[in-house]
Amino acid sequence: MKKKRFTEEQVIGILRQAERGEQTIGEICRVQGVSEQSFYRWRRKFGGLQVSEVRRMRELERETARLKRLLAERDLEIDALKELLAKKWCAHRRVGRPCASSTASRFRHDAAVRCSRSAGPVTDM
Numbered sequence: 001m002k003k004k005r006f007t008e009e010q011v012i013g014i015l016r017q018a019e020r021g022e023q024t025i026g027e028i029c030r031v032q033g034v035s036e037q038s039f040y041r042w043r044r045k046f047g048g049l050q051v052s053e054v055r056r057m058r059e060l061e062r063e064t065a066r067l068k069r070l071l072a073e074r075d076l077e078i079d080a081l082k083e084l085l086a087k088k089w090c091a092h093r094r095v096g097r098p099c100a101s102s103t104a105s106r107f108r109h110d111a112a113v114r115c116s117r118s119a120g121p122v123t124d125m
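Letter 96 of the sequence shown, counting from 1, is numbered 96 in the numbering used here, and no numbers are missing.
In case anyone wonders, no lab produced these hints; they're calculated from the structure. All values reported here derive from a predicted model rather than from experimental measurement. Be careful, since some hints might not be right.
Label-pair ranges, simulated between beta-carbon atoms [as the list claims (entries may be wrong)]:
#1 75 to 53: 27 to 35 Å
#2 41 to 80: 37 to 45 Å
#3 23 to 64: 33 to 41 Å
#4 84 to 56: 40 to 48 Å
#5 64 to 10: 17 to 25 Å
#6 63 to 20: 27 to 35 Å
#7 81 to 26: 52 to 60 Å
#8 72 to 22: 42 to 50 Å
#9 76 to 33: 37 to 45 Å
#10 69 to 22: 42 to 50 Å
#11 41 to 63: 17 to 25 Å
#12 62 to 24: 30 to 38 Å
For every residue, glycine included, the Cβ atom is placed at its ideal position computed from N, Cα and C.
Generate the whole structure from the sequences, applying the supplied hints.
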C-alpha cells in the first residue's frame, strides 16, 4: 500500500464515518486507502477529539520536541562547563591553563608560583 499522509480533517472524517456505523471499519479503510492498523491507531490517539483539538495537540507535540532539544543542548553545555571547572587552575596566571601539579596552591612568602608547560613540577621564580 502506498504511504500517504492524511490531514487532521481527513483523519477525523474517517473516524466520524466509522462512528456513524453505516459501513464496517474494513470497508471504510478499503475505500479511503488506509490500513486497519492505522485506523485503530488513529482511533486510540484521536478518538473523541475535534479537528481544532488535534491541531492544538500536534502544535504542543512540536513545542515539546523543540524544548527537549533545547534542554539537551543546555545539559551538554553544563556538562562541558563542569568538566572545565573540575580542572585545577593556576592562581597567578592570567592565561587560563590548567596546573600540572596539585602543589600550585602552596605559596612561599612572596615567591610567585608558576605552572610548567611541560607538566613537570611547580617551581619558584
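A quick look at each hint next to the structure:
no. : hint                 : in the structure
1   : 75 to 53: 27 to 35 Å : 32 Å, holds
2   : 41 to 80: 37 to 45 Å : 40 Å, holds
3   : 23 to 64: 33 to 41 Å : 36 Å, holds
4   : 84 to 56: 40 to 48 Å : 42 Å, holds
5   : 64 to 10: 17 to 25 Å : 24 Å, holds
6   : 63 to 20: 27 to 35 Å : 34 Å, holds
7   : 81 to 26: 52 to 60 Å : 58 Å, holds
8   : 72 to 22: 42 to 50 Å : 48 Å, holds
9   : 76 to 33: 37 to 45 Å : 43 Å, holds
10  : 69 to 22: 42 to 50 Å : 44 Å, holds
11  : 41 to 63: 17 to 25 Å : 22 Å, holds
12  : 62 to 24: 30 to 38 Å : 35 Å, holds
The structure agrees with every numbered hint stated previously.
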